[in-house]
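Assemble chains P, B and X onto chain A, guided by the hints.
Protein chains: 4
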Amino acid sequence: MSTFGAKPREDITNPCYERRVRFHRSFRVRFGDADPAGIAYYPRFFEWFHDAFEALFEAATGRPYAEILGRERVGFPAVQVATEYRSPARFGEEVQLEVFISRLRPRSATFEYRVKREGVLLATASIKIAVMNLDRFESAEFPPSIAAALYAYVEEDAERPDVARLRG
Amino acid sequence: MSTFGAKPREDITNPCYERRVRFHRSFRVRFGDADPAGIAYYPRFFEWFHDAFEALFEAATGRPYAEILGRERVGFPAVQVATEYRSPARFGEEVQLEVFISRLRPRSATFEYRVKREGVLLATASIKIAVMNLDRFESAEFPPSIAAALYAYVEEDAERPDVARLRG
Amino acid sequence: MSTFGAKPREDITNPCYERRVRFHRSFRVRFGDADPAGIAYYPRFFEWFHDAFEALFEAATGRPYAEILGRERVGFPAVQVATEYRSPARFGEEVQLEVFISRLRPRSATFEYRVKREGVLLATASIKIAVMNLDRFESAEFPPSIAAALYAYVEEDAERPDVARLRG
Amino acid sequence: MSTFGAKPREDITNPCYERRVRFHRSFRVRFGDADPAGIAYYPRFFEWFHDAFEALFEAATGRPYAEILGRERVGFPAVQVATEYRSPARFGEEVQLEVFISRLRPRSATFEYRVKREGVLLATASIKIAVMNLDRFESAEFPPSIAAALYAYVEEDAERPDVARLRG
Numbered sequence: 000m001s002t003f004g005a006k007p008r009e010d011i012t013n014p015c016y017e018r019r020v021r022f023h024r025s026f027r028v029r030f031g032d033a034d035p036a037g038i039a040y041y042p043r044f045f046e047w048f049h050d051a052f053e054a055l056f057e058a059a060t061g062r063p064y065a066e067i068l069g070r071e072r073v074g075f076p077a078v079q080v081a082t083e084y085r086s087p088a089r090f091g092e093e094v095q096l097e098v099f100i101s102r103l104r105p106r107s108a109t110f111e112y113r114v115k116r117e118g119v120l121l122a123t124a125s126i127k128i129a130v131m132n133l134d135r136f137e138s139a140e141f142p143p144s145i146a147a148a149l150y151a152y153v154e155e156d157a158e159r160p161d162v163a164r165l166r167g
Numbered sequence: 000m001s002t003f004g005a006k007p008r009e010d011i012t013n014p015c016y017e018r019r020v021r022f023h024r025s026f027r028v029r030f031g032d033a034d035p036a037g038i039a040y041y042p043r044f045f046e047w048f049h050d051a052f053e054a055l056f057e058a059a060t061g062r063p064y065a066e067i068l069g070r071e072r073v074g075f076p077a078v079q080v081a082t083e084y085r086s087p088a089r090f091g092e093e094v095q096l097e098v099f100i101s102r103l104r105p106r107s108a109t110f111e112y113r114v115k116r117e118g119v120l121l122a123t124a125s126i127k128i129a130v131m132n133l134d135r136f137e138s139a140e141f142p143p144s145i146a147a148a149l150y151a152y153v154e155e156d157a158e159r160p161d162v163a164r165l166r167g
Numbered sequence: 000m001s002t003f004g005a006k007p008r009e010d011i012t013n014p015c016y017e018r019r020v021r022f023h024r025s026f027r028v029r030f031g032d033a034d035p036a037g038i039a040y041y042p043r044f045f046e047w048f049h050d051a052f053e054a055l056f057e058a059a060t061g062r063p064y065a066e067i068l069g070r071e072r073v074g075f076p077a078v079q080v081a082t083e084y085r086s087p088a089r090f091g092e093e094v095q096l097e098v099f100i101s102r103l104r105p106r107s108a109t110f111e112y113r114v115k116r117e118g119v120l121l122a123t124a125s126i127k128i129a130v131m132n133l134d135r136f137e138s139a140e141f142p143p144s145i146a147a148a149l150y151a152y153v154e155e156d157a158e159r160p161d162v163a164r165l166r167g
Numbered sequence: 000m001s002t003f004g005a006k007p008r009e010d011i012t013n014p015c016y017e018r019r020v021r022f023h024r025s026f027r028v029r030f031g032d033a034d035p036a037g038i039a040y041y042p043r044f045f046e047w048f049h050d051a052f053e054a055l056f057e058a059a060t061g062r063p064y065a066e067i068l069g070r071e072r073v074g075f076p077a078v079q080v081a082t083e084y085r086s087p088a089r090f091g092e093e094v095q096l097e098v099f100i101s102r103l104r105p106r107s108a109t110f111e112y113r114v115k116r117e118g119v120l121l122a123t124a125s126i127k128i129a130v131m132n133l134d135r136f137e138s139a140e141f142p143p144s145i146a147a148a149l150y151a152y153v154e155e156d157a158e159r160p161d162v163a164r165l166r167g
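Chains as they are written, first to last, in numbering that gives the first Met the number 0: chain A, 0 to 167; chain P, 0 to 167; chain B, 0 to 167; chain X, 0 to 167.
Some hints here could point you the wrong way.
The list treats identical chains as interchangeable, and a pair is accepted whether it falls inside one copy or across any two copies.
Unchecked claim - No farther apart than 25 Å at their CA atoms in a straight line, the calculated lysine to any residue pairs in the SDA-like style are these: (1) Lys-115 <-> Phe-136; (2) Lys-115 <-> Gly-69; (3) Lys-115 <-> Glu-66; (4) Lys-115 <-> Ser-144; (5) Lys-115 <-> Ser-138.
Since the hints were derived computationally from the structure, they do not count as laboratory data.
If we strip away everything but chain A, and leave its shape as in the complex, we get (with noise of 0.2 Å):
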C-alpha cells in the first residue's frame, strides 16, 4: 500500500498540512515563446511546465532532476494532458506559474500549473506523469524518497481545468 497516499489532506493533524507549498517561479514571455500575433505560442507552455516541473522536483528533494533520473532509473512521462487557455500572455508580458499536485498515488501523479498575470488566471493545466523505469520502458513506482518529498506540494481539493466542456 502507498504510504504517501494515505494522509487526506482534511487530516488536519496531519504533521505535513502546515508546509503544504506551491512551487512559484517568474519570467518573461520571450521573443522565441511569442507568435506573429504577439502573444506566447500554445505549445511553449509545455516547455515552461516541464522546466518548472524539474525546478519542483529539486526544490523538493534537493538534488538534480538529472540525477534522479540518472541514479533511480526512473522518468515521469506524460500521460496526460488538459490545458485550458482562458487570456493570452503577450510578448514581454511579466507571468507567474504556480505548480502543485492534486494527485500523488504510486506509480503515477498529476502536477497543475496555473499561469498567471498580476493575479489573473491566463492558463490551467493538469498533467498526469506516470513512474516508468527507464531500463526496462515499464511502470514503476515513485521511489519513496521522491514521493516523500513530493508529498509537501500535494493538494487533493484543487480545482480542475473543465475539460468536460470540450465535449459540449
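Chains P, B and X in isolation, oriented as in the chain A frame:
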C-alpha cells in the same frame, strides 16, 4: 444560425458525406524531437499538431494558412487541449498523424489528432480552437468560405480522449 | 589516409562526378517558426538544418538516421557553425533548402545549407560536424559505408559564408 | 559619426572603462534541451543566447525588451552567426553563460556568448545583429539611449571564435 453546424453526420443524404476525409501525414521522429530517454518529448507533439493544422487548412481551402490570417484578419488560438499519450514515439520511428474535426461551430472548432505507428495508436489529442479577430483580439466567426472548406473534415461522432480519467 | 577525401572534384574522370547532387527540400515557414515581427526566428533555421541533415543521411545511405546512430554507435555533434542571414523568411513563405557537403574528412565533415525563396538566397550556413563514438564520447572515424554514401554530396569548391566579415 | 564607437578601450581615461561588465546567467541544462545522447541539442544554445540577449537589454536599459521593440519600432535580427562547440553540455549540468559586446556600431552590434561549466569553456558564439526599422523592414540606427546603455558591455579586444578554421 450556423449553416455548417446544421448538417448532422447521420443525414445520409448529406452531399458532403461521401467526401468526408481525414488529413494524413507521415514523418519520422527526428533527433531534435527526442529526449535523453530516446522518445519524443511531449511538447513536440503540439508542434507536430500545429504544423498539420496549418497544412489541413491549406489542403481544405487551397490557400496558404498565412494568407488566411493576413487577409481575413482572423487567428485560431488554442483554448482547450486534452491529450492522452498511450505509448512512446521513439527517435527514428516513422509515425502517421491523422487530423480531423470533431466539432465545428460558428466561433470555434475542435480538431482531433491521432498519432499511430503501423496502425497502433500512440497518442490522441482534442484541441479546441477559437476564432479571434486579429485586429481587436476578440471572438469572431469563421469566414464562410473557411467554414465550408473545413466541413469536409468533420466527424462529429468520433471517439475522443477520455480526459475524465484524469480526475479518477 | 582518407580514401574518400582523395578524389578532387576537378578530376573529370572521377566516376562519382556525374552523380554529384544536392539534397533539396521545400517547405513553408510555419506559424511556430515565426516571431512577433512575422519572420522566422533565427534559431529555427538550425532545426530545419538538422532535420534536413538527417534526411540527407537517409537519402544517401538508404538507412534511417536513428538506425545509423544506434547500430554504428556514432553521433555527429556540431562543432562549428557559421551562418549569414541575408533576407528574412516570412511566415507563410515557401522556401527551398539545399544541402551539400563542402568538406569530407575521416573524422569530420562540413555541411552547407542554402535557404532560398524563388531563387533568391535568404540564408547560408556552414556547419562542421565531428564523428563521435557514442559509447566513449570521443572522436571517431566515419564508418566506411557512411563516408562512401555521403561522397555523392561533396562539392569542395563551393563558396561559403564570409564569416571573416564578422570581424570587420 | 558614431559617438559610441569613438571611445577605444585602450583609452584609460575613458570614464566608462571601470563599469565595463559582462552579463552573467547560470542555469541547468533541462530535459527538453537534451538530445538522445543526453547532451544539449545545438539549436537550443541559440534560444539560450536570445533569452540572455533580451535580459541584457533589460539590465542595460532598465526597460523591458518588448517595450523597446514596441515603442522604438526597431528590431534586432541576427545577420551573422559564428559558433564553436568545444565540449558538450550534458542534461542536468549547471552552466554559466556570459554575454558581452565585441563591436558596437551605429547600425549593428556583435554580441559574444561564452558557455562555461565550472570555469571550463564549452561553447563560444559571436552573433552580429542589425538594427531594423520594424515598420519599413529596413536598416536603422540604434536609438541613442539604447546605444549608450549597451556601451557598458563593450569589450572590443575580446577573443572570438576562430571561424577561419572552418575553411581549413
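Hints violated by the structure (listed by number, smallest first): 4
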